[in-house]
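Enquirer: Under the numbering used here, the residues of the sequence shown are numbered 1117 to 1216, in order.
Since the hints were derived computationally from the structure, they do not count as laboratory data. Possibly wrong hints are sitting among the right ones.
Unchecked claim - Derived lysine to aspartate or glutamate pairs resembling EDC-like cross-links, with alpha carbons at most 16 Å apart: (1) Lys1216 / Asp1124; (2) Lys1173 / Asp1191; (3) Lys1173 / Glu1157; (4) Lys1178 / Glu1156; (5) Lys1208 / Glu1146; (6) Lys1173 / Asp1162.
As the list claims (entries may be wrong) - The calculated label-pair distances, taken between Cβ atoms and stated as ranges, are: (7) Gly1121 / Arg1161: 16 to 22 Å; (8) Pro1205 / Glu1143: 20 to 26 Å; (9) Lys1135 / Thr1185: 17 to 23 Å.
Just so it is clear, CB atoms sit at the ideal spot from N, CA and C, and this is done for glycine as well.
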Amino acid sequence: MPIEGVWDLTIATPIGRIKPVIELRREGAEFIGIAHGAGEEVPLRDVLVDGDRITWKQSVTKPLRLNLTFAVTVDSDALTGTSKAGRLPASKVTGRRRPK
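Take the sequences, apply the hints, and build the full model.
Expert: Set out below in structure tokens:
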């Protein structure tokens, strides 16, 4: 399942819904990405693709300074999964790939 593209995410957190945009692309044998949201751009780290499952890490400073770990599953142009920030409970993540 290809994962490349621009994805509009919704993260249901205890402080409300956050709607970042992530861009994923392949460079050689690796995947790289950037997240946009809350007025900042941050690189995705440790992007791993295993079939239809994607995991990555990223750090944000807004609305709080957090280190996040994502684990999502892609099904065509939709994704679902979780985002975890340290000891906080996991937040539900959903997303749609933008048409090319």
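Enquirer: Range hint 16 to 22 Å: satisfied by the CB atoms of Gly1121 and Arg1161?
Expert: 19 Å, holds
Enquirer: CA of Lys1208 to CA of Glu1146, is that 16 Å or under?
Expert: Violated: Lys1208 and Glu1146 sit about 26 Å apart, past 16 Å.
Enquirer: Is Lys1178 close enough to Glu1156, meaning Cα to Cα at most 16 Å?
Expert: Given pair Lys1178, Glu1156 holds - Cα atoms ~8 Å apart, limit 16 Å.
Enquirer: Does Lys1173 pair with Asp1162 here, judged by a C-alpha cut-off of 16 Å?
Expert: 6 Å, holds
Enquirer: Take a quick look at whether Lys1216 and Asp1124 sit within 16 Å of each other, Cα to Cα.
Expert: Holds, because 13 Å separates the two Cα atoms, which is no more than 16 Å.
Enquirer: Using the beta carbons of Lys1135 and Thr1185, state whether their distance is inside 17 to 23 Å or not.
Expert: 19 Å, holds
Enquirer: For a C-alpha distance cap of 16 Å, please report whether Lys1173 and Glu1157 respect it.
Expert: With Cα atoms ~14 Å apart, Lys1173 and Glu1157 stay inside 16 Å; holds.
Enquirer: Given the proposed pairing of Lys1173 with Asp1191, does the C-alpha separation stay at or below 16 Å?
Expert: Between Lys1173 and Asp1191 the Cα gap is close to 21 Å, so the pair fails against 16 Å, i.e. violated.
Enquirer: CB of Pro1205 to CB of Glu1143, is that within 20 to 26 Å?
Expert: 34 Å, violated
Of the hints listed earlier, those the structure fails to meet are numbers 2, 5, 8, in rising order.
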